[in-house]
Structure formats: structure tokens, C-alpha cells
Amino acid sequence: MATSPRSDRWVRIEHLFYAALELEPDSRPLFLDQACRDDAELRKEVESLLQMDSQTMGFLRKPVLDAAQQITAKEELSGKRIGAYQLLRVLGEGGMGKVYLAARADDL
Amino acid sequence: METPPDRQLVTRLLKEWGGGNKAALDELMPIVYQQLHKLASICLVGERPNHTLRATDLLHEAYLRLVDADVDWQDRVHFFAVSARLLRRILVDHARAQHRQKRGGGVETISLDESVMIGPQTASEIVALDEALQRLAAHDRRKSEIIELLSFGGLTYDETAAALEISPATVDRELRMAKAWLRRELTRESAEGSAPA
Numbered sequence: 047m048a049t050s051p052r053s054d055r056w057v058r059i060e061h062l063f064y065a066a067l068e069l070e071p072d073s074r075p076l077f078l079d080q081a082c083r084d085d086a087e088l089r090k091e092v093e094s095l096l097q098m099d100s101q102t103m104g105f106l107r108k109p110v111l112d113a114a115q116q117i118t119a120k121e122e123l124s125g126k127r128i129g130a131y132q133l134l135r136v137l138g139e140g141g142m143g144k145v146y147l148a149a150r151a152d153d154l
Numbered sequence: 018m019e020t021p022p023d024r025q026l027v028t029r030l031l032k033e034w035g036g037g038n039k040a041a042l043d044e045l046m047p048i049v050y051q052q053l054h055k056l057a058s059i060c061l062v063g064e065r066p067n068h069t070l071r072a073t074d075l076l077h078e079a080y081l082r083l084v085d086a087d088v089d090w091q092d093r094v095h096f097f098a099v100s101a102r103l104l105r106r107i108l109v110d111h112a113r114a115q116h117r118q119k120r121g122g123g124v125e126t127i128s129l130d131e132s133v134m135i136g137p138q139t140a141s142e143i144v145a146l147d148e149a150l151q152r153l154a155a156h157d158r159r160k161s162e163i164i165e166l167l168s169f170g171g172l173t174y175d176e177t178a179a180a181l182e183i184s185p186a187t188v189d190r191e192l193r194m195a196k197a198w199l200r201r202e203l204t205r206e207s208a209e210g211s212a213p214a
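Going line by line, the protein sequences match chains D and Y.
Here this note's numbering runs 46 ahead of the position in the first sequence, where the first position is 1.
Here this note's numbering runs 17 ahead of the position in the second sequence, where the first position is 1.
Hints are not guaranteed to be accurate.
Claimed, not checked - Only pairs whose alpha carbons sit at most 20 angstroms apart, straight line, appear in this in silico DMTMM-like list of lysine to aspartate or glutamate: (1) 108(D) x 43(Y); (2) 90(D) x 72(D); (3) 90(D) x 209(Y); (4) 108(D) x 147(Y); (5) 108(D) x 110(Y).
None of these hints come from the bench; they were simulated from the model.
All chains, full assembly: derive it from the sequences and hints.
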């Protein structure tokens, strides 16, 4: 699969982000002064990323977990369509939950 | 305590499925169930004590789509990497259906596959995350893939590293910038009050 190579600018931002993180927070402004010189945009990019640096993963996981739970809250799906398929009946229920017999709706 | 899947078995099934043996998928299905059920059951313990987590419906949809998918399966982690991508598409499709219905108003007949199952707040968050990930991918594909595997796929850091054939240390490093970038994008977007399309 063809992938666009990362831009020089992106690579530079990344380099400065990690380099700055190696330093004490107090040392970062001076470091960025020297590294970014007259490129105010570059400095803003790196600084805004540094501001957002955090351990938290919640903001990435929560929407997905909430959505998955909301979708799976449905009690009964027999008779309903999901995409191109019509769910006909429950085949069985095991430790993992219900298994449905389904057929392509356009075959019915 | 769940038993981890037998790696040799899973690998064999994946290869068989990749070789055109559809029956191998039926054996794989419980493993997919387990993976996606894990996704739906992480955290929020105690928040909804009476809430029954039924990963079944979501997984069944994923299964139906997987049956028609024509992909080259190499091993278990690649399988779950594809599951992550699939799950992302499923959730985004549902989230966008929620927005369409909301905008449509009126007496428009919608088929049940578009019946709103995700609440508006969560739908907005899913669409925002998906769009931010697409923008991230344009800058840096690998960072976007890492996030996709960890968030949509529910993979562990080690599984993510294996799926992308990089070291866990590289995952950590990539993740740090990817998260900062996404937090900035998502914070910016919600501050502007933009409604995802």
C-alpha cells in the first residue's frame, strides 16, 4: 500500500518535540528560541504539542467503549437488518452470546 | 481468568482461511468475539451496575462483514489489526447515521440498519476521533495506525507492536506524540463548537 512519506516539516516538529521533552521544562523555552529562530509557526506547533503531552489514554478509549456499549445494549436483533444482511433467527447462545442465522437481504 | 488463545491454532486457522477455507472462519469467530467483547468490557466497571454488556450484536456485524472481506491473513495480530479497522468503520458508520437522522427530521423512512444506536454525544466524539485520525494519517500513517489499534482494536501495547512489526519502545515513543497531536486537534475542534458532518 502506497504511503505518502512524512513531510520534512512533520519530521522536524517531531524531532523538536522529543528533544524538548528530554529537557527540564524550564530549559525548553531557550531551546525552542534557538531551534526555531524566526519560524514562529514552528515554535507554536511544538509548544502546543508539548502543552498537550500527557499520560492519559482515556480520551481515546472512552468514545469507542461508549459507542460499543451503546450498540451492544440492544436486547434482540432478530428480524433486523444489519448492512446487507437480514438477521433471521437465533441459532444458539453460548458463553460468548447469541449467534444469529443471517442471509443477504437481496437473496430473500 | 480467561485462557489466552492457542497461538498455533489461531495461526493455522488464519492461514486456512487465507487459503480459502471459509470453515476456518467459524472456528476463529469465538476468538473475534473474545477480542471485541474485551473491548466493550474494559473499564466503566461500577458505573453501570445493571448494564448488560452484549458484544454479540457488534461482533456479529463485524463477522458478517469479515466473511466477505478479501484480505491476506498472516497471523493473529494482523487479524486483530483488521478487526480494529473494521470496528472503526462500523462505529463511524453508526455515528454518521445518527447525525443524518438528526439532520433529516421529518418522516423519512430509514432502514433498521441505520436505526440510531449511538447517542448524539458519543456519535460526535466518534466522528471527531475518526476525522482527526484521518488527518493524522495524512501526516504520519504509522502514528495513526498505532492509535487505531489501541483505541478501536483494544490491542495491548505489545500486540500493537507485533502487529506493526516494531518494538514496544517505538510504540511508546510514537504514541506520545500521536496522543499530544490528537488531544490538540480534538480540543481545538470542540472549542470551535464544530459539528462533525
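Tested hints:
For the hint pairing residue 108(D) with residue 43(Y), the CA-to-CA distance comes to about 30 angstroms; that exceeds 20 angstroms, so the pair is violated. Our distance criterion of 20 angstroms between C-alpha atoms is met by residue 90(D) and residue 72(D), whose separation comes to about 17 angstroms. About 19 angstroms separates the Cα atoms of residue 90(D) and residue 209(Y), which keeps this hinted pair within 20 angstroms; it holds. Between residue 108(D) and residue 147(Y) the alpha-carbon distance is near 13 angstroms, which keeps this suggested pair within the 20 angstroms criterion.
A C-alpha spacing of about 18 angstroms is found between residue 108(D) and residue 110(Y), which places the hinted pair at or below 20 angstroms, so the restraint holds.
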